[in-house]
Amino acid sequence: MSKSITLNHITKIEGHAKLVLGIKHGKVTRCELSAVEGSRYFEGLVRGRRFNEAHEITSRICGICSCAHVIAAISAVEDALGYRPTEQTETLRILLTLGERIRSHATHLYFLALPDYLGYESALAMASKFKPQLHNALNLMKTGNFIIKAIGGRDLHPVSATVGGWLKLPKKDDILQIKKMLIAVKKDAVKTCSLFSKLKYPNFKSSTECFSLVDKNGYAVLSGEFTSEKSSFRKNQYKDFVKEYHQPRSTSNFVVKEDHAYMVGALSRINNNHGKLSKDAGKILRSLKLELPSKNPFHNILAQAIEMVHCIDEAIKICSELKISNEQVERLELKKGNGVGVIEVPRGTLWHEYTINDNGIITNANIITPTAQNLLNIQEDIRAFVPFVIKKGKKSITLDVEKLIRSYDPCFSCSAHFLEVNWA
Amino acid sequence: MRNIYVFGNEYIEQDSLAKRLASCIGTRLNIVYCTSPEQILDSEEKEILMLDVVKNIRKPIIIKDASQIKSSKMISLHDFDLGFFLNLMKAMGIKKKIKIIGIPPKGNISEIAKEVQQWI
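Chains as they are written, first to last, in the working numbering: chain A, 1 to 424; chain B, 1 to 120.
Among the hints, a few may not be true.
Think about it this way: if two alpha-carbon atoms lie no more than 27 angstroms apart in a straight line, the pair counts; the simulated DSS-like pairs of lysine-lysine are [as the list claims (entries may be wrong)]:
id, chain 1, residue 1, chain 2, residue 2
1, A, Lys142, B, Lys59
2, B, Lys19, B, Lys46
3, A, Lys129, B, Lys97
4, A, Lys187, B, Lys95
Worth flagging that the hints you see were computed from the coordinates, not collected in a lab.
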């Protein structure tokens, strides 16, 4: 008996993706996941622009994770110019990134992932029965938004962060207000962990390698080595290990590490950094008795819930210790160079690389988003997962596969690249 | 001073009129430019006053019930728009009266401002 499933528009994810699945005699004969977003051309757009424009332009790759692209672009440009930011600059960048992660995880968990597990079509359909849970979500989102606005100057596409420092520093009152809100909202993050720990996740184990940044100084956000349980390498070596390639069917690059698919995201971060979680996040993780490293991609949403508690604790710690001094933006000496910025963002590891000439003009750029890195892995997971649910009807298989895809929290809008053309 | 929550995107012509109009509608209101719908949760007023562009209208209208607004099922985070959010608030039982001044995507600003004044 053969089945063919084509999902032309996979819902409750960012952007547009398509899956073609062929099943014959109980075996998966075809499995093709593609990003079908229009080409974005961002790497081309920054070529010819000044070094201090990259973060403003690439921020527009995504409204959901605009802070991520701002900070990754700035880090790459500073790396190219041989500049190391001050401790205060770095700390504020971490705080901005944590705020975005709280907002993004809360939205994804409650509005895109949870309806699947509770049997609803959308968050709106479940709103009347799950009021307290959605209140938690809104509180968490509001806190994340406030952090981004107070530190970044706007809640979308932040404008305060720049190459060499901060154009506008937050006031002492802003930091106090952030801390107050974080303390108040922590209980909602803990409740989120409790809610997501009670959901029934399919028992599936991927054969993947989980990569994330690992930093000896703590739960990595803006620094560290790209590490899995098997290997580790420094950011400037990434092209020796990570390869991008195109498939004619997809506008997003596919990415492999030494010819194999790999996974990035909250689950990878927890797998590689669980010993560095905050006290309360670590306690919650241990209470779940999750076998680590977990290779079940459905656990990525559980990992996001745990990360929210950690991010809140980390942000509270930063706000408690931070004494803002009136640092001016450093005027950097222009020189040619190549730099890589790699940071952990809501959906996984984000890479920006820029080559700059003597006049500060960007001559080359490369951006690898978390979803581009996860794309092949998601496809391979679908291929491996479908045999477990193959006896179900087409509708159930479709829902299970959609749940699997959504558990990665993919963003296909961000992953879409332009196709390279070899002109004859 | 009463808040008016103004929505829209100044970079998209068809969605920019509410933000351009806001500065012309008098000084009796505190204008709050919103980039995300959950900002209205901060409102402490019994009735939330909003200004937004409405597709397919030629004259300003008043909307007082969220069910009048077409809302998506939220298939992505980009669908987290005002319509979705107001319907979510209603479904969650967040009891706040709403008054949305809906204006057309294009038109003469001073004429639209005059018509809008009656609802402020």
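Evaluated hints:
no., hint, verdict
1, Lys142(A) x Lys59(B), "34 angstroms, violated"
2, Lys19(B) x Lys46(B), "23 angstroms, holds"
3, Lys129(A) x Lys97(B), "21 angstroms, holds"
4, Lys187(A) x Lys95(B), "24 angstroms, holds"
Checked against the numbered hints above, the structure violates only hint 1.
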